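Residue numbers (my numbering), protein chains in the order written: chain A, 9 to 296; chain B, 9 to 372; chain C, 546 to 1050.
Do not take every clue at face value.
[Unchecked claim] Using 16 Å as the maximum straight-line C-alpha spacing, the simulated EDC-like pairs for lysine to aspartate or glutamate come out as follows:
#, chain 1, residue 1, chain 2, residue 2
1, B, Lys364, C, Glu944
2, C, Lys870, C, Glu905
3, B, Lys13, C, Glu732
4, C, Lys574, C, Glu732
5, B, Lys368, C, Glu944
[Claimed, not checked] Here are a few chain B residues that face chain C, going by a calculated C-beta distance under 7 Å:
#, residue
6, Thr234
7, Thr242
8, Leu245
9, Gly254
10, Arg258
Hints are computed from structural coordinates only; laboratory data are not their basis.
Since the model is a prediction, treat every value here as computed from it, not as a measurement.
Quick reminder that beta carbons are idealized off the backbone N, C-alpha and C, glycines included.
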Amino acid sequence: MIALLLATLRTATPLLFAGLGGMFSERGGVVNIALEGILLVGAFAAAAATVLTGSALIGLAAALIAGVMLAALHALVTIWIGVDQIVSGVALNLLAMGLTEFLMWVFFGSGSNSPRLETGSMGGVLGRLFVELPPLTLLALALVPLSALLLFRTRFGLRLRSVGEHPEAAASLGIRVKRTRLYGVLLSGALAGLGGAFLSLNAHYFVKNMSAGRGFIALAALIFGKWKPWGVLAATLLFGFAEALQGHLHAPWLPIRFVQMLPYLLTMIALVGVIGRSRAPAALGKRT
Amino acid sequence: MSPRKILSAFWQALWPPLSALALTFALGSAIIAAIGENPLSVFALIFREGLTSADGFARVLNDATPLVFTGLSVAYAFRAGYFNIGGEGQLYMGAFAAMLVATALPGLPRVLALPLALLAAALGGAVWGAVPGYLRARFGVHEVINTIMMNFLAVGITGYLVVHHMKERGQMIPHTPLIPEAYRLEGFGRSGWGQAIGLDSANPLGPSLVLALLAVAAVWFLFRRTVEGYRLRTLGLSPAAARYAGMSTRALTVRAMAVSGALAGLVGVHEVLLYRHRFLDNFSSGLGFLGIAVALMGRNHPLGVLLAALLFGFLNTGALEIDIFTEVPRELVMVMQAMVILFVVAASELASRRAKRRRKEEAA
Amino acid sequence: MKVRLEGLSKSFPGVRAVDQVSLEYESGKLYALVGENGAGKSTLMKLLYGMLPPDEGRILIDGAPVSLGSPQDAIALGIGMVHQHFMLVDTLSAAENVVLGAEPLKGGLIDRDAARRAVRENAERFHLDLDPDAPMESLSVGEAQRVEILKVLYRGAELLIFDEPTGVLTPQESRFLFEILRRFTGEGKTVILITHKLDEVLELADEVDVMRRGRYVGRVSGSEASAEGLARMMVGREVLFRVEKGHARPGDVLLELEGIGLDAAPARRALEDVSFSIRRGEIFGVAGVEGNGQREIASLVTGMLAPDRGRLLFAGEVRPKLDPKGARRLGIAHVPEDRQRTGLVLDMDLGENLILGQEEDPALGSRGLLWPSRVQDLAARRIEGFDLRASDPRQSARELSGGNQQKLILARELARNPALLVASQPTRGVDVGAIESIHRLLIEKRDAGMAVLLFSSELSELLALCDRIGVLYRGRMAAVLDAAGCDEEELGLWITGAKEAGHVS
């Protein structure tokens, strides 16, 4: 039972990072389809940096930076040049795929996976604990209340929300809409980058196309969780649970394909029901 | 319109993709040079195979064919004002439907079998496109998220069915058994005239190319010469005017997404009937998403889509060449494809901004 | 606080919105700024609020000239504006909306208590009852307006500008607002009230400033002002564009509205008990300041909206479920107010615009086909027939002038000989020459038996063209007048509500 819970937490971790990141971007009004790509570059950057320097911490930092850079590109292209946010997201996902595959050859000399990542291990009780409950997972969980605080109790959070709902009103009060949106997008890059780092560091390998659709599941979790931190947590736990359950129970009657489809199906249903109750930030996807 | 105006309109449409290509090639050259190869020779290699032999060009055309379908699919929906990024799911459903028909009705004569399978492919994609279309028309749910979700659903459903119920035994990569003889299409390389013009007997180019060209012509005709096309264009350019004119915007929406899905579904003809003669789990390597790139490069015009698909066909074939013959990995082409999309949309956006600004200045 | 406007001017392409306006404001008074549509009131206040830079002139506060580059500058100097269209974020609470952009902080986080306190203090001082923590979504329109007011008070406004504040309020909410305004002036603040409703002006204003066509006409003290006097100043004696027209010979009744009611929001009626009828061969005009229900009536008759109460009859039959397609089939044509967004597809060529709504015409192709050559032939015929100045039928509609765009729409709508033409602001933004030909065209069609429902904010146009004129005020048809026996002054009184409640002797 405990094992199942821990497995759920681990599975949910990258989704949670990406989902929270997506939340900050979308609360500001910028759709970020590129979460998938950011997860991927984050995973790759963490792997590459760890292989090069032998330090997982530097890998983490590299993932953060890579995520922020890709997000910055998204922000530049959509907020300043005015390209459609969906198109930009799709293009960046393709770019991330191509870049990581290309750079895999350059860094690892292989087209399919990296060498094993030695992230070091701690001895004793703490060490064993961290195998089951990795520090990054704890960080992700801690980020939930922190995000709630940031979003609902700080000046930045209030302005971000206003910009995502009614940018004209915010602008009329002197708030710099573009800049605020930029910060939201950059934050999404940082968080999703960390999520990517978890993917490769936890598995001790970087594999081609490692993100495997998790960025889209995170998007689904975001919608399902109604763009709120605790909602995102609940959604990612739900999705993570389904996947963990399948693996743990070795239930042949519950095909993994069905489990994998569940998040998407649930999200579609939620979207139809969501209209009228809670909704996306009103200015989401629109330019201004 | 005056010839000068026509030229200027052409230039307006063409310079974003051209400048995007130029920029991409420039960046690509930088990367190639950094690896230690000569950019010019690498680019020459990319295009060499396709341009110097009939067999090579046929392979390029073959790579382009599925992209024509998915590109037309995205362009069609775009023209009506909708964002169909569900091409990936729709093509899976189309392919699966074609395979199902072939498996369920093995005894049909060829003259019935082929059209039926084609219809099934189109219908499979159409249904998969109509669902998000309906959800948008009736509930206002944005089709972008729904089509993404349905992509995964399609892969999941078809994958499950193939793996658990229809798999040919003892195979590592799950796929269905060969479709009956009546349903199979053969590559041109197998025919006498094909070999006469220089095609290798294993050349995969086949009748799906003809279908693709017909689809291009059909979409063009629909948009330019029919009432439905006029209405779709109106809806895409001004939904308010469409409503004012009494057009049934809901029905138009669903129809647009359905046809868009059907076009993507036709990839099934290429994939199942011609290429593999079976349904292979997870066979698409992002054809749906590349379709978006093709549509954007082609400025959502059927002819543009054809040309853009051709370009991407060259890049795909060329990627293999440079992979074999140079130090440059084929993934560079993927990177360049992504760069092209980014640059094209950025350039298009900047171009339309400049046009708007010029119009404002003239009015003042 | 003394505010002085000196020689302010502002022009936009084609129109001089504000022309050398000089005014002075003192504290503790309520100034009403009145004028017709397009008189320049809103533009003038936008200059004062820093939303637009003036072309000429300057603004002085307490004797010192100030430069207002943005609303933030105006706010810093104590000028606040409550907009007609609220700038509120629905998902935030009332207090959050008030402090947005100037949030009080405590330890890095927003100091909620300080925000609540600030809101409550102002609310109590001016009797703006409001729960600071109330989510915006739960507030009524009147309460939402109070949040807007609190926004400007929180930022220390001493001069408050209100732009048509009662347009969205129920009568009761308007009463509350008036009390609030009186309290402001009682505390020494200056209030400028932009309005077209003379009954409000006469009740509230200490001074009334009148603008007409961008120019400042004059100031009347509140105690001396009368509805007729103000209406005369607002409307003036213009030379009328009188087109040669004979008397109408109206036929039988074509369109009837009976007891039509339409709700814009719970408790607010956009239309209330509207009844009138139009005959064939007559031009029926609807006068009224924008926002009094004109758009709604036009939408109802053309099938874009359905009424909540009452019924609509066309050619003697009740039409309960009218949609745009059905309306067209009945022979109702529509020249929409928003011609560029609704009436035209700007990026299509002239030919394709000329068949909008008529694309199924068998002359253009059979069985769903549409032949461009036939479309262009049709276009050429119509362009010539309606004297459209277009160099090339393949140019896009975007490139046409306003007048030609309107002629295109008219050509299209009139081509099928409709029984009823609904025309909303048909000559807005159109040059004089085109106006003349459009007017002549409408009279011609009337004489041939067509009925016209004409919405216009130009009183002179209504008087020149119409046979009968209905006046809309606050969603009601206040009167239906004979055009022949009416003049601009009288119409001006009606559309500003001065006549309704018996303000005129």
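Hints, verified against the model:
1. In summary, the hint linking B/Lys364 to C/Glu944 is supported, as the alpha carbons are separated by about 12 Å, within the 16 Å threshold.
2. A hinted pair counts as satisfied when its Cα atoms are at most 16 Å apart, and C/Lys870 with C/Glu905 qualifies at roughly 12 Å.
3. For the hint pairing B/Lys13 with C/Glu732, the CA-to-CA distance comes to about 65 Å; that exceeds 16 Å, so the pair is violated.
4. For a cut-off of 16 Å, the pair hint linking C/Lys574 to C/Glu732 stands: about 10 Å separates their Cα positions.
5. Taking the CA atoms of B/Lys368 and C/Glu944, the gap is about 11 Å. The hint holds against a cut of 16 Å.
6. For B/Thr234, the interface hint holds, the least distance from its beta-carbon to any beta-carbon of chain C being 6 Å, beneath 7 Å.
7. Hint on B/Thr242 holds. Least Cβ distance to chain C is approximately 6 Å, under the 7 Å limit.
8. Checking B/Leu245 against chain C: minimum C-beta separation of about 5 Å stays under 7 Å; hint holds.
9. The interface hint given for B/Gly254 holds, since its Cβ lies 3 Å from the closest Cβ of chain C, which is under the 7 Å cut-off.
10. The criterion of a C-beta within 7 Å of any C-beta in chain C is not met by B/Arg258, whose closest approach is roughly 12 Å, and the hint is violated.
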